[in-house]
Amino acid sequence: MSAALRLTAVLLWLAAACLLRLMLGDPLLLAGDIILGLTGDAPGVRFILVESRLPAVAVGVLAGAALGASGTLFQTLLRNPLAAPDVVGVSYGASAAAVVGMSVFALQGPALSAVAVLGGLASALLVMWVARGGTTQFVLVGIAVAAALQAVVNFLLTRSDARTAQDLLHWLVGSLASASWERAGVLALCLLGLAPAAALVIRPLSSLELGEDAAASLGTRVGTARVAVVLVAVALSAVAIAVTGPLAFVAFLSGPIARLLLPGRRALGLTLAAAAAVGAALTVTADLTPLPAGVITGLLGAPFLLWMLTRKDSSL
1 MSAALRLTAV LLWLAAACLL RLMLGDPLLL AGDIILGLTG DAPGVRFILV
51 ESRLPAVAVG VLAGAALGAS GTLFQTLLRN PLAAPDVVGV SYGASAAAVV
101 GMSVFALQGP ALSAVAVLGG LASALLVMWV ARGGTTQFVL VGIAVAAALQ
151 AVVNFLLTRS DARTAQDLLH WLVGSLASAS WERAGVLALC LLGLAPAAAL
201 VIRPLSSLEL GEDAAASLGT RVGTARVAVV LVAVALSAVA IAVTGPLAFV
251 AFLSGPIARL LLPGRRALGL TLAAAAAVGA ALTVTADLTP LPAGVITGLL
301 GAPFLLWMLT RKDSSL
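The sequence shown runs 1 to 316 under this note's numbering.
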């Protein structure tokens, strides 16, 4: 099967998942009901779609795409399929900052997104500083930082009242249940700003894939390029986490699946776009069940991680 057909299959998967997300729920809607609702001929159905299901689809697509692109940037930079935001501590940095913002300062909306980005950035910079450029060290230090940040989150949960702790736990699992047009709009604006930045780092990142010495010989400023890629990847994951919570393994799964769909050496921009589409499809698909989306993505990601660890060409 050609790469074009495989990408088309991913887009069809995404479209089918979005349609099913609009149909499933209480009440169950048929495709004809959705058409009538969107055209205004069924006001009750239109209310259900516009106020509940369409915002969930929009947030799922945007957050999943951001996480998929973020994970692929990290994996490409570190040349390690295990180096996703979930694994190297960035997700927990954003989560810990968001939990502090919600539980201590009652932040919401753009302010919460900004705090999550700062938390993810701070954890990434800490990992980079301690690892000092080593790929294996980056992953191992990230795991250690993630464990420490998880302890911070657990401490805050024990100090919160029952209602706040319940809300925080629900958010930490990762869910699209609180999706709204306001949150979708904030996420869309953030991604509109980050998309050009991601496009700008593709070229230097492509040269870094060849190795730091080769990249330097091609005129790439290695240190500057690495920092720029990390900043963009952290921002992409953090803005998504601020809206949906940490959806486990979406960033980790998207890149390897995209590369399986596009075997051989492909343009990094194409791989990044494919990973974003896979991330969006995974997130919307995970939201089709009554369980929180983060539970489903975790169930999918855990065996995939074990499989990756048993492969000869995986590295740590």
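Rather than coming from a laboratory, the hints here were simulated on the basis of the structure. Model, not experiment: these values are computed from the prediction. Please note that the accuracy of each hint is not assured.
What the hints assert, rightly or not - Label pairs and their in silico Cβ distance ranges: (1) L36 with L118: 28 to 38 Å; (2) G193 with V130: 24 to 34 Å; (3) V130 with L291: 31 to 41 Å.
Glycine included, each C-beta is placed from N, C-alpha and C at the ideal position.
For each hint, the structure was consulted:
1. L36 with L118: 28 to 38 Å: violated, 45 Å
2. G193 with V130: 24 to 34 Å: At roughly 29 Å between Cβ atoms, V130 and G193 fall inside 24 to 34 Å, so the hint holds.
3. V130 with L291: 31 to 41 Å: holds, 36 Å
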